[in-house]
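Spelled out, the chains give:
Number of protein chains: 2
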Amino acid sequence: MEQSPHIPPARDKLLFTPGPLTTSLTVKQAMLRDAGSWHYEFNAVVKSVRERLLAVAGLAPATGWEAILLQGSGTFGVEAVLATIIPPNGKLLVLVNGAYGERIVQMAQYLKISHSVVRTPEDTPPDLVAIERALAGDASITHVACVHCETTTGILNPITEVGRIVKQHRRVYIVDAMSSFAAVPIDFASTGIDYLISSSNKCIEGVPGFSFILCRRADLMATEGSARSLSLDLLAQLKGFEKNGQFRYTPPTHVVLAFDQALKELDQEGGVLARAARYRRNHQVLVEGMGQLGFRLFLDPKVQSYIITGFHYPADQKFYFEEFYTRLSDKGFIIYPGKLTQVNTFRIGTIGRIFESDIRSLLSAVGETINEMGVKTNP
Amino acid sequence: MEQSPHIPPARDKLLFTPGPLTTSLTVKQAMLRDAGSWHYEFNAVVKSVRERLLAVAGLAPATGWEAILLQGSGTFGVEAVLATIIPPNGKLLVLVNGAYGERIVQMAQYLKISHSVVRTPEDTPPDLVAIERALAGDASITHVACVHCETTTGILNPITEVGRIVKQHRRVYIVDAMSSFAAVPIDFASTGIDYLISSSNKCIEGVPGFSFILCRRADLMATEGSARSLSLDLLAQLKGFEKNGQFRYTPPTHVVLAFDQALKELDQEGGVLARAARYRRNHQVLVEGMGQLGFRLFLDPKVQSYIITGFHYPADQKFYFEEFYTRLSDKGFIIYPGKLTQVNTFRIGTIGRIFESDIRSLLSAVGETINEMGVKTNP
Chain F
0 MEQSPHIPPA RDKLLFTPGP LTTSLTVKQA MLRDAGSWHY EFNAVVKSVR ERLLAVAGLA
60 PATGWEAILL QGSGTFGVEA VLATIIPPNG KLLVLVNGAY GERIVQMAQY LKISHSVVRT
120 PEDTPPDLVA IERALAGDAS ITHVACVHCE TTTGILNPIT EVGRIVKQHR RVYIVDAMSS
180 FAAVPIDFAS TGIDYLISSS NKCIEGVPGF SFILCRRADL MATEGSARSL SLDLLAQLKG
240 FEKNGQFRYT PPTHVVLAFD QALKELDQEG GVLARAARYR RNHQVLVEGM GQLGFRLFLD
300 PKVQSYIITG FHYPADQKFY FEEFYTRLSD KGFIIYPGKL TQVNTFRIGT IGRIFESDIR
360 SLLSAVGETI NEMGVKTNP
Chain E
0 MEQSPHIPPA RDKLLFTPGP LTTSLTVKQA MLRDAGSWHY EFNAVVKSVR ERLLAVAGLA
60 PATGWEAILL QGSGTFGVEA VLATIIPPNG KLLVLVNGAY GERIVQMAQY LKISHSVVRT
120 PEDTPPDLVA IERALAGDAS ITHVACVHCE TTTGILNPIT EVGRIVKQHR RVYIVDAMSS
180 FAAVPIDFAS TGIDYLISSS NKCIEGVPGF SFILCRRADL MATEGSARSL SLDLLAQLKG
240 FEKNGQFRYT PPTHVVLAFD QALKELDQEG GVLARAARYR RNHQVLVEGM GQLGFRLFLD
300 PKVQSYIITG FHYPADQKFY FEEFYTRLSD KGFIIYPGKL TQVNTFRIGT IGRIFESDIR
360 SLLSAVGETI NEMGVKTNP
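Chains as they are written, first to last, in numbering that gives the first Met the number 0: chain F, 0 to 378; chain E, 0 to 378.
Please keep in mind that the hints were generated in silico from the structure rather than gathered at the bench.
One should not assume that every hint holds.
[Stated by the list, open to error] BS3-like mimics (lysine-lysine), calculated; alpha carbons at most 25 angstroms apart, straight line:
#: 1; chain 1: F; residue 1: K238; chain 2: E; residue 2: K46
#: 2; chain 1: E; residue 1: K375; chain 2: F; residue 2: K242
#: 3; chain 1: F; residue 1: K46; chain 2: F; residue 2: K238
#: 4; chain 1: E; residue 1: K338; chain 2: F; residue 2: K238
#: 5; chain 1: F; residue 1: K338; chain 2: F; residue 2: K375
#: 6; chain 1: F; residue 1: K111; chain 2: E; residue 2: K90
#: 7; chain 1: F; residue 1: K111; chain 2: E; residue 2: K375
#: 8; chain 1: F; residue 1: K317; chain 2: F; residue 2: K330
#: 9; chain 1: E; residue 1: K317; chain 2: E; residue 2: K263
#: 10; chain 1: F; residue 1: K317; chain 2: F; residue 2: K375
#: 11; chain 1: E; residue 1: K111; chain 2: F; residue 2: K111
[Unchecked claim] Counterexamples of contact, computed for chain E against chain F with all Cβ distances above 10 angstroms:
#: 12; residue: A34
#: 13; residue: E40
#: 14; residue: L53
#: 15; residue: T62
#: 16; residue: F75
#: 17; residue: E78
#: 18; residue: D122
#: 19; residue: S363
The beta-carbon is built from N, C-alpha and C at its ideal position, and this holds for glycine as well.
Start from the sequences, fold in the hints, and give me the full structure.
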């Protein structure tokens, strides 16, 4: 974008972030259409997208599950779930080990939903004993929310083990799978998930503009009357789709067309397992290469996802993150700007339409950059 | 979309709707980029878009006005204003003469905002005497909301006359200018608008994905502490832009790039007045041609906007709207499906990247269609 719009760059800078991601040209080209947002042709695309999302999740048709698309970012989707399904006398338990867990707490505060929190340090998975104790000790807790891949650090939280406890206590289980869905296989049955939220611009490799929620129709219908916002009323959104196949309010038509194409390309790649394999390989190459360059992982590899990876700043005083970031950008590589963790770390994403060769190019650029900066590491 | 994605149609069907609209190819091509949503290059585009929106509104820089972009459709933007700025003890007066006014009432119900309503029939502008009486008689009313162009019918409400009364009574004035902004010149000073809402896919001719709100920074800052939703917290959204130039949560990056291009093209066309002239001409040609075909206007021309125009169904029993709609679609013309009014009308939009010649093509198609259907009108 630094160039004049009349001289487009040879290629966009590659995005090594937790999203929006680098997408395929064909996904973006699907947006070169103007669709009538209430027209039957567009409605057919919406219907197909909703059905195929269930297939990506491994949820068979006619099992009562629904995929509901909602305008806005992933955050809007998570807040819509809380704002719609938790009754006035409900109480939410939030498991927090990063910024996205904290954001759910913030939502509960805004929405005046009674809540409690089980917090663990950023590098530590949720404390299963503390969750068990919280649920056993507080019968007023009706819902539990957990972030699957906490992109603050890249930690992958054990949603199955958590789910087992939540279900033993018969509470409603909400999983924010924003950056993991379609990249980390999730077994809905054994995990006990009741509501899962993700978004258009993550591992399906579409572009940003809507979130989607997977849940059982009957569960959602039973929450009637609690919604705290018209725009974020997930139940009304589902009823809208059922009534006439339409979004209640103007959908991001172009973004939906891109997502339709992205779903086709996920299929062409071989589905979730094939995509998981590519991302895992990206991550392995990154970790090995960064290790050779002398960078230390922030997380224990046992809890590290292959979605996004945090590295400690080098100890050398010559390392300024802003300079490192800008020099990488000048070379055509955008990593996540700034840190979310409490200690000094930076993060590199390995999802999106990027391949092992792109990771290797990034690694050379990182090597060059620390040389240019005169930063010493301990390879 | 009925075609295989591998054999794209020669051209998309033209949209004669209140939006999403037909846009230029160059606007859509601006989406063939993947931008880093928190990257400084993208932030520079966001900053420029926010500044140019103020210029489109005729608001000089450094006068304390801000343009705030919010993910989601226009409805999300209207609800964000209500959810953020009205204090717990505030009361909203809503002027209603169509579905979009009713939607504001619905939002107040969801948000548990105390409110009253001045309602007029769908073909009748707000009753100024009733507004005066409502404000004089109820000191607890703090805010007044009015829809500028009520696209239920296409009526253009007199926001200046309403604003004069609202300001005499020193209440906060909220104008939903979704389908009028950038097409109907609005003088903020004489109208007394405090908060104006519009969206990316209306008369700026961008694609759908966000709304924007124009307001004075100081006014918004003074509302601190009332927001009822995290995602819809407009004040926090502004603070986010001021802190680091970023959207708080993932923005629809591609849609923002398209909007940037759309603003350039608005400028190239000659700004709001030139665009207004094109739309007015579209509307005139439509009304004349439909009159010649024997269709009657729903509204008195004195209150009819040039944005969207409602026509009565022909009296002939052979007229089925669904058939009429589908036959027009098969010929490449999409009008608004279904009616929002209480009487039997259909609506044709005259905004977006469409020209007099497109209106003439539509008129021939309408003529052919009623012939095919054997519908008699009284030309």
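Tested hints:
no., hint, result
1, F:K238 <-> E:K46, "violated, 38 angstroms"
2, E:K375 <-> F:K242, "violated, 33 angstroms"
3, F:K46 <-> F:K238, "holds, 13 angstroms"
4, E:K338 <-> F:K238, "holds, 19 angstroms"
5, F:K338 <-> F:K375, "holds, 21 angstroms"
6, F:K111 <-> E:K90, "holds, 20 angstroms"
7, F:K111 <-> E:K375, "violated, 59 angstroms"
8, F:K317 <-> F:K330, "holds, 20 angstroms"
9, E:K317 <-> E:K263, "violated, 46 angstroms"
10, F:K317 <-> F:K375, "holds, 8 angstroms"
11, E:K111 <-> F:K111, "holds, 13 angstroms"
12, A34, "violated, 7 angstroms"
13, E40, "violated, 4 angstroms"
14, L53, "holds, 21 angstroms"
15, T62, "holds, 28 angstroms"
16, F75, "violated, 5 angstroms"
17, E78, "violated, 5 angstroms"
18, D122, "holds, 23 angstroms"
19, S363, "holds, 20 angstroms"
Of the numbered hints given earlier, the model fails hints 1, 2, 7, 9, 12, 13, 16 and 17; all others are met.
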